[in-house]
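Engineer: These are the residues of each chain, in order.
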Amino acid sequence: MKLVDHFATGLDAPICLTWELTYACNLACLHCLSSSGRRDPRELSTEECKAVIDELQRMQVFYVNIGGGEPTVRSDFWELVDYATAHQVGVKFSTNGVRIDQAAAERLAASDYVDVQISLDGATAEVNDAVRGDGSHEMAVRALGHLQDAGFRDAKISVVCTRQNIGQLDLFKELADRFGATLRLTRLRPSGRGADVWDDLHPLPHQQRELYDWLVAHGDNVLTGDSFFHLSAFGSALPGLNLCGAGRVVCLIDPVGDVYACPFAIHDEFLAGNLRDAGFQAVWQGSELFAELRKPQTGGACSSCQHYDSCQGGCMAAKFFTGLPLDGPDPECVQGYGETALASVGGREVPRPTGDHSHKGGVRGGPVMLTLSTRRPDRQPERACEENPLAGLTV
Amino acid sequence: MLTLHPKVSVRPEPFGALLYHFGTRRLSFLKDRRLLDVVRRLDGTVSLDEALADIPPGELASFRSALGTLEQTGMLHHPATPPAPQGPRT
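Chains as they are written, first to last, in numbering that gives the first Met the number 0: chain X, 0 to 394; chain C, 0 to 89.
Among these hints, one or two may not hold up.
Claimed, not checked - 16 Å max Cα-Cα, derived EDC-like pairs, lysine to aspartate or glutamate: (1) X/Lys1 x X/Asp219; (2) X/Lys91 x X/Asp81; (3) X/Lys1 x C/Glu12; (4) C/Lys6 x X/Asp308; (5) X/Lys155 x X/Asp133; (6) X/Lys172 x X/Asp100; (7) C/Lys30 x C/Asp42; (8) X/Lys359 x X/Glu338; (9) X/Lys155 x X/Asp111; (10) X/Lys1 x C/Glu58; (11) C/Lys30 x X/Asp4; (12) C/Lys30 x C/Glu58.
What the hints contain is simulated information worked out from the structure, not anything from laboratory work.
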């Protein structure tokens with residue numbers, strides 16, 4: 000059995016997992032994959048979070064990718080980071096930088112077991128703030144400066160690649176180099192509020208090629224979270240697993256303890272269980288959904304394609320939230336099969352993400368895409384009974 | 000004396016083991032349970048040859064090569080040597 004086959008059939012414990020600590024966020028990014036904004040009153044308490052960490056330690060989960068929402072706005076954030084690292088669970092956390100002041104940066108620089116990812120979706124304020132909100136570029140750059148001044152080595156700049164920023168890849172690299180940071184590029188998914196803006200933000204076909212060539216040229220010096228394996232159908236495989244790890248080697252714990260197959264699949268269809276019932280391990284090892292995902296997958300409509308071995312049919316979440324069958328092509332299939340498939344979806348209703356914690360009425364200085372439509376004109380209302388003329392609009 | 004780096008965590012798996020280095024944030028795979036046994040014997044009190052005593056002569060070269068890779072990536076080290084350069088990560 001090849002190593003990759005072991006991963007495909009699932010491990011006894013995830014290698015790492017994403018843990019969103021809160022739905023609360025100071026920003027209101029247009030493409031937020033978890034539709035975050037307001038805290039959920041049912042969020043796990045400090046003691047419950049510590050019990051999760053104890054369990055992850057027993058299962059030898061090497062590290063957790065902590066996100067949200069904006070995780071640092073939880074009042075017990077640093078307490079939980081310290082608890083995790085004291086229990087041999089490494090922490091990588093994603094932040095917009097709001098709480099990374101000089102003191103926080105010095106604290107982070109003192110630990111080997113904590114890694115920081117600063118989110119930035121434009122190398123310039125103009126491009127970034129249009130998606131993440133006024134002042135968010137400045138906030139992120141200020142945080143990077145504090146980390147550098149404190150001697151924190153190798154922070155990550157985490158970029159969601161969009162139509163608007165693909166042309167800035169070299170600028171992003173320069174920015175990362177300036178702060179002694181590493182660039183991390185990930186794929187935009189039509190998840191959460193991302194579903195509303197995906198049509199306007201996802202890279203165009205020629206930009207996908209540009210991105211692929213750029214990734215090949217930069218190799219191991221740029222991180223991708225293995226998120227671009229659908230691009231491998233362009234030619235040689237990109238570095239990394241090139242396998243959808245959902246429910247096999249990764250998963251998501253959301254702020255209320257729900258366990259999903261992956262961070263981009265917050266929908267009842269991909270809900271494996273809640274760790275409040277019998278703990279995380281019971282969900283990871285006993286979930287029927289995960290057992291299903293660990294069975295050999297067939298390529299479906301893709302199985303006759305010569306590129307299937309390299310792209311594996313692409314991203315499950317991207318297919319699901321664009322209304323495509325899971326055993327068919329990715330909506331951004333680089334061979335063009337996704338566009339044909341999307342055309343056949345037509346006006347059919349696509350699944351909506353489960354749960355929405357968006358700020359009601361937005362936040363001050365929040366992004367407003369007045370120049371772009373936020374819905375496909377050919378889409379049906381999200382619910383048959385929805386009569387509000389503003390339904391589905393994010394502005 | 001070659002030994003496991005103190006910042007490396009070892010998780011046994013059916014195919015061998017996963018190694019994670021908290022310093023370099025690098026993941027490695029041991030694709031043979033016997034290699035895991037060898038790594039575990041390298042506790043600072045035995046030499047490389049002693050740790051490899053149970054490995055058939057015909058397989059020694061591949062085991063030494065695997066251990067060499069682990070040393071290059073900092074998973075194994077000679078205590079008091081400088082940290083290894085960072086390798087590919089995700």
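Engineer: The structure should be examined with respect to each hint, and the outcome stated for every one.
Structural biologist: Results of checking the hints against the structure:
Of the supplied pair hints, the one linking X/Lys1 and X/Asp219 is violated, its CA atoms being roughly 23 Å apart against a limit of 16 Å. For a cut-off of 16 Å, the pair hint linking X/Lys91 to X/Asp81 stands: about 12 Å separates their Cα positions. With a C-alpha separation of about 13 Å, the suggested pair X/Lys1 and C/Glu12 falls inside the 16 Å cut-off, and the hint holds. Restraint check: the Cα-Cα separation between C/Lys6 and X/Asp308 comes to about 36 Å, which exceeds 16 Å; the hinted pair is violated.
For the proposed pair X/Lys155 and X/Asp133, the alpha carbon gap of about 22 Å is over 16 Å, so the pair is violated. A C-alpha spacing of about 23 Å is found between X/Lys172 and X/Asp100, which places the hinted pair above 16 Å, so the restraint is violated. For the hint pairing C/Lys30 with C/Asp42, the CA-to-CA distance comes to about 20 Å; that exceeds 16 Å, so the pair is violated. Between X/Lys359 and X/Glu338, the direct Cα distance comes to roughly 34 Å. Violation of the 16 Å bound is thereby established for this hinted pair.
Our distance criterion of 16 Å between C-alpha atoms is met by X/Lys155 and X/Asp111, whose separation comes to about 15 Å. With a CA separation close to 19 Å, the supplied pair X/Lys1 and C/Glu58 exceeds the 16 Å bound. Distance restraint check for C/Lys30 and X/Asp4: the Cα-Cα separation of roughly 12 Å lies within the 16 Å cut-off, and the hinted pair is therefore satisfied. A hinted pair counts as satisfied when its Cα atoms are at most 16 Å apart, and C/Lys30 with C/Glu58 qualifies at roughly 14 Å.
Going through the hint list in order, the structure does not satisfy hints 1, 4, 5, 6, 7, 8, 10.
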